[in-house]
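In the order they appear, the protein sequences are chains C and P. According to the working numbering, numbering within the first sequence proceeds without interruption in unit steps and concludes at 121. According to the working numbering, numbering within the second sequence proceeds without interruption in unit steps and concludes at 380.
Worth flagging that the hints you see were computed from the coordinates, not collected in a lab. The reader is advised that the hints may include incorrect statements.
Unchecked claim - Lysine to any residue pairs mimicking SDA-like chemistry, simulated, CA-CA at most 20 Å apart: (1) P:K270 - C:L92; (2) P:K297 - P:L246; (3) P:K297 - P:G319; (4) P:K297 - P:T320; (5) P:K270 - C:G54; (6) P:K297 - P:S350; (7) P:K270 - C:V33; (8) P:K270 - P:G319; (9) P:K270 - P:V190.
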Amino acid sequence: MSHSTDATPGHAPTARGYLIGFVLALVLTLIPFGVVAFGLLSQGMALIVIAIAAILQLAVHLRFFLHLDMSTEQRWNTISILFSLLIMVVMVGGTMWLFYSLYVRHMMVGH
Amino acid sequence: MKTVLAAARADTEVNFGFWVYLMSDVIIFSMLFLVYVDLSQRYAGGPTASEVFELRGVFLETMALLFSSLTFGMAMVSLHQGHKSRVMAWLGATFVLGAFFLGHELSEFIKLVHEGASFTRSGFLSAYFGLVGTHGTHVFFGLIWVVVMVVQIQLHGLTAPIASRLARLSLFWHFLDLVWICVFSTVYLPGVMQ
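Kindly produce the complete structure, drawing on both the sequences and the hints.
Take a look at the structure:
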C-alpha cells in the first residue's frame, strides 16, 4: 500500500465500482423490505434479517461509495471512524445503562 | 487537469477536516437513534408506529436516495474524465432524486400533522420527527449545496477548487444515504411490523 506517494491520482472512481456497490446495496435493501412487506418471517427472525442486511449495506456503502479502506490515503479517515465508534459505544451504551437503571428503580417504587 | 484530479482526492487536509465534521454528525445521529429506540413504544394513547408508517412511501424514498447515490457517483466519475456537461447532468439527476425524497417526506409529515399525529402527540412521535426531521434537514442543505455547485461549474468550469468541493459534497451525500439505511432499518421496518 505504498503507491499513494505517487503524484498521479491512483484511486480514480470508476463507473464499475459504483455500479457494483449500487447493485449490492439494492439487493440488501430489497431483502429486508421484502421480508416485511410479504410477512415472510416471524417478527424476531425478521428483525435479525433487517439488522444483518443493514450492517452489510453500511459496509457496502463505506467500501464502494465512500471508498474507505486501510490504504495510506484513507488511514486517518478510517482511524477517525473507529474513534467515533468508540465514542458511540461509550455514549449509547452508557445512556442505555442509565435508562435501564432508572427504569428498574422506578418499577421498584411501584411495588 | 492533473491539479483538478489532485484536488478531488480524498486525502487532502480539508477533506479530512470535513470527514471529522461527518464523524461528529455520526455521534449526533447515534444519540437521536438511541432516544427513538427508547421512546418508540411510548404512544401515550396516540397512534402507534404501524398505524402511522406506510411501507410503500418509505420504499419509494429509499429507492430515490439509493439511486441518487449512484447518480452522484457517476458525477464524480465524469469529473475525473473532465466531462463538464456530464457532471452537470448527473448532478441534475441527483438533485431531482433528492428533491423527490424530501418532497415525499415533507408531504408525509404534513399528512401526519393533519391527522393529529404531530410531534407534540406522544414521546414516540417527538422522537420520530426529531430523528427523521434531522436527516431531512441534512438532505435539504445537501440540495442547496448541489445547486451552488451546479452554478459554480456553469460559471467557472471544472477547476481545482470546484473539484475539491465536489469531493466533499460527495462524502456528505453518500453519508446521508448511509444514515437513511439506519433510519429505515430502525424506525420504519420494525415499526410497520408492530
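Restraint status (C-alpha distance of K270 of chain P to L92 of chain C at most 20 Å): violated (36 Å)
Starting from K270 of chain P, check that the Cα of V33 of chain C is at most 20 Å away, please. violated (26 Å)
CA of K297 of chain P to CA of S350 of chain P, is that 20 Å or under? With Cα atoms ~40 Å apart, K297 of chain P and S350 of chain P exceed 20 Å; violated.
Given the proposed pairing of K297 of chain P with G319 of chain P, does the C-alpha separation stay at or below 20 Å? holds (14 Å)
With the threshold set at 20 Å, check whether the alpha-carbon distance from K270 of chain P to V190 of chain P stays at or below it. Since the Cα atoms of K270 of chain P and V190 of chain P sit roughly 12 Å apart, the hinted pair holds (cutoff 20 Å).
Proposed proximity, G54 of chain C with K270 of chain P (alpha carbon, max 20 Å): violated (50 Å)
Holds or violated: K270 of chain P to G319 of chain P, with C-alpha atoms at most 20 Å apart: At roughly 34 Å apart (the allowed maximum being 20 Å), G319 of chain P and K270 of chain P break the hint.
Next pair to validate is K297 of chain P with L246 of chain P; report whether the Cα-Cα distance is within 20 Å. holds (17 Å)
Going straight from one Cα to the other, do K297 of chain P and T320 of chain P come out at no more than 20 Å? holds (18 Å)
The structure is inconsistent with the numbered hints 1, 5, 6, 7, 8, although it conforms to all the rest.
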